[in-house]
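If you read the sequences in order, they're chains P, H and X. Quick note on the numbering used here: the first sequence kicks off at 27 and runs consecutively. Quick note on the numbering used here: the second sequence kicks off at 1038 and runs consecutively. Quick note on the numbering used here: the third sequence kicks off at 11 and runs consecutively.
Treat the hints with caution; some may be incorrect.
Stated by the list, open to error - Here's a subset of chain P near chain X, in silico, CB distances under 7 Å, partners left out:
#1 57
#2 123
#3 124
#4 132
#5 135
#6 146
#7 149
#8 198
To be verified - Output of the computed footprint for chain P on chain X, the stretches with three or more beta carbons under 8 Å from beta carbons of chain P:
#9 155-162
#10 168-176
Stated by the list, open to error - Over 10 Å on every C-beta distance to chain X, these chain H residues come out as not near it, computed from the model:
#11 1062
#12 1071
#13 1089
#14 1236
For the record, the hints were derived by calculation from the structure and aren't laboratory data. Each residue gets a CB set at the ideal place from its N, CA and C atoms; glycine is no exception.
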Amino acid sequence: MCRRLRRLVRPPDAGGSLVTLLKLNRVGKSFGSGEAQTVALDGIDLELKQGGFLAVVGPSGCGKSTLLQIAAGLMRADRGSVTLSGESVVSPPAHVVYVFQQYTKSLLPWRTVLANVEFALEGRPDIGRAERRDRSRNLLELVDLQSFAGHYPWQLSGGMQQRVAIARALAADARLLLMDEPFSALDALTRLDLQNLLLDLWADRKLSILFVTHDVDEAIYLADWVAVLTHRPARVHEIIDVGLSRPRDPITTREQSRFLELRHDLLGQLMKRRNSHG
Amino acid sequence: MGRWLAKAAPGGIVLVLLLWGIEEAVDAGLVKRSLMPAPTDIGRILWELLVDGQVAGPLAETLARLGIGFAIGATLAVIMGLAMGYWPRVYGLFEPLIELLRPIPKAALVPPLVLFLGVGDAMKITSIALAVFFPVLINTVQGARGVDPVLIDTARTLGVRPLSLLRKIILPASAPFIFAGIRLSIALGLILAVISEMIAGTGGVGFLIIDMQRAFRVRQMYAWIVILAVVGYLLNLLILAAERRFLFWYQVTERT
Amino acid sequence: MLGRRSGLLLIAILLLSWEMTSRTGLVTSENWPPVSAILAGLVLETLYGDLVQVIGATLSRFALGYVIGICAGAIVGFTFALVPFVRRMFEPIIELLRPIPAPALVPPLVLFLGVDDLMKVTIIAVTAFFPVAINTMQGASGVEPIYLAVARTFRTGPARVLMKIIMPATLPYVLAGMRISLALALVVTVVSEMIAGASGVGYYLVLMQYAVRSADMYAAIFVIAALGFALNAAFLAAERRLIFWYAPVP
């Protein structure tokens, strides 16, 4: 008996509550000019509901990072629009934090771990120095790094550095996290740890997350919905409803038949398209 | 072309304005001619010097001294640097001595050299050679010590003898550093050429500059300073061209 | 380390042979005094003579010129990096002045400013200016883009970006420039005293040369070297404290 995978063919949408938080509408982006111009993104349509977790997978170099940076307001789209709660995104909006893939470089090396987290709170006239310190310490506790507050980033392992970056993002009262392959450079066990940490924080603080990764397993494990991008020029090939129960478990969820079916299906798609592109 | 012009324009305009401003100030008597002659006057003298061929003599003198001093200093420095870079024993033997002598400003060595060698070319060439020697040596050592051990081991397993190894592997691999040292040493060598000519000279550009100052022939003094600046600039360009020719293979990791 | 010991031994042997050849009359020359005589003279001058004042005069000129030069260099460097238009306006002038060897600037400055401290401080400042300006400019324009992206993500205002990100990130470059300026400024201080001086170590050096008092002349060279060494060591110690966090890209 072969189980057919039920793919819900709906308009691009991702679960959570019913309110749309982030909407990308026919977003396009090209680089270069004249003959050397390459189209990175070609009409991306994506929607993230409040409180949802949307993963984006695709072959390397297909423009996933570009997409995320446009959503974060760090880059402008050439075509189409990005709206956050209905408002147009042209520069980094409040309560939206982009978490970098290069976590080491994203932490300021001349500041301690605590000071790095505090950075997110500086420039807020309503928060005094003492409160800033307290909040930052609490967040470090949340990611289990309270005893490293006085250390410097280069004294920490990769996983710990990324945790500092997450704590910093939370310090900025992030409602929406845009994460660019944040765990791809970590070893497998650390990755599992951070994935679970992320899920805990997501549920606990009712965040919305747009998560870019090349790791299909990770995408299925973490998200409500997985958007699959094509090769460059990238388009949304389809959006898959993960449909696995929560809370997810690092071992048993990955053994569920639904998980394996999704994995089989997604990998097949990505690899097929890879081969056809040579 | 148009874009280049747009980028160069502001600087060019400011430069022209500055020169014109000086010209006007001098004409209006705001600045004493004995201190700062009009740029056009300086230009005229410069032109005369060029046309008369009077530039040639002193320039050739200074450049000759610089050239010989550089050749001696740089050659010795590269040889010694490669040796120090390759053989740790040699490095250990000479490193303390080098570290001791390095902080001594070579200009301060001119007076004792005058006592030893008098005020002739020997003194000048020696001081230039000394000034050139240290930067090239230090950079060569740094380059030689930094050669990828894998390259060296590969060569040795292929049976390459030490002297050939030095010449064919370590020397080229150290070339980027050596060139950096050469660039620095040319600047220092030129400074020492000028100083030695100023302190104890009878000819050359350095001597002329100070001579013209003492004789209050200010326009000539500035003209020679301009010539000196141009020479320095051209020498730098020369080295850069040589670098590009010899170091086409070297990729410096740049931060984008 | 076995290696270093042989080096120190070499120095000892050289000094010894200097002393021997001089004392035993192997080399008879006014210019070849025994090392011991040099050191003795040095000690005497320090205790009873005015060596301290001489050094003081040199150091005060140096310090004043150096500080002015590096401050001006840092300001210009940052301005050039952050306001490209200003850079395009003034860079050609600076590029034209840069290749002029410092000693060549002494005669015109002598005309303008005479032979006393103002002239020397000016030329020291001008010499110290360039390395710091160039390095600062390169550092400030080359701040890791990701730091700036982080600042944008957290919606940091431009003034704070300057103070909290650009300046700390540029600090290693500024310090590198300052280190180069240190060595150059000291040399220029001594040279200006040699060419047009009335006090200071450089002047003393030339004076001793004219008077053929070679022991004192070598002592002066020794003092100059010691000054350079001490200043450099002090600078490196300060640098290490300030940029303990900096790991240059290999």
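Okay, the hints, checked on the actual structure:
Restraint check, residue 57(P) versus chain X: the minimum CB separation of about 16 Å is more than 7 Å; hint violated. Nearest Cβ of chain X to the Cβ of residue 123(P): about 6 Å, under the 7 Å cut. The hint holds. Annotation: residue 124(P) was flagged as interfacial toward chain X, and the flag holds, the nearest CB pair being 5 Å apart, inside 7 Å. For residue 132(P), the interface hint holds, the least distance from its beta-carbon to any beta-carbon of chain X being 5 Å, beneath 7 Å.
A hinted interface residue such as residue 135(P) counts as satisfied when its beta carbon comes closer than 7 Å to some beta carbon of chain X; here the least separation is about 5 Å, so the hint holds. Here the hint on residue 146(P) is kept, as its CB sits about 5 Å from the closest CB of chain X, short of 7 Å. Interface hint at residue 149(P): satisfied, since its Cβ lies 6 Å from the closest Cβ of chain X, which is below the 7 Å cut-off. Checking residue 198(P) against chain X: minimum C-beta separation of about 6 Å stays under 7 Å; hint holds.
As drawn, the stretch 155-162 of chain X meets chain P at 5 residues by the rule of a beta-carbon pair under 8 Å; at three or more, the given contact holds. Counting residues of the stretch 168-176 of chain X whose C-beta sits closer than 8 Å to any C-beta of chain P gives 3, which meets the bar of three, so the coverage hint holds. Residue placement check: residue 1062(H) keeps its beta carbon more than 10 Å from all beta carbons of chain X (closest about 14 Å). Not every CB of chain X is more than 10 Å from the CB of residue 1071(H) (nearest about 8 Å), against its label as outside the interface.
With a minimum CB-CB distance of about 22 Å to chain X, residue 1089(H) clears the 10 Å threshold, and the non-interface call stands. The beta carbon of residue 1236(H) is not kept farther than 10 Å from every beta carbon of chain X, the shortest such distance being approximately 7 Å.
Consistency note: the structure conflicts with the earlier hints numbered 1, 12 and 14.
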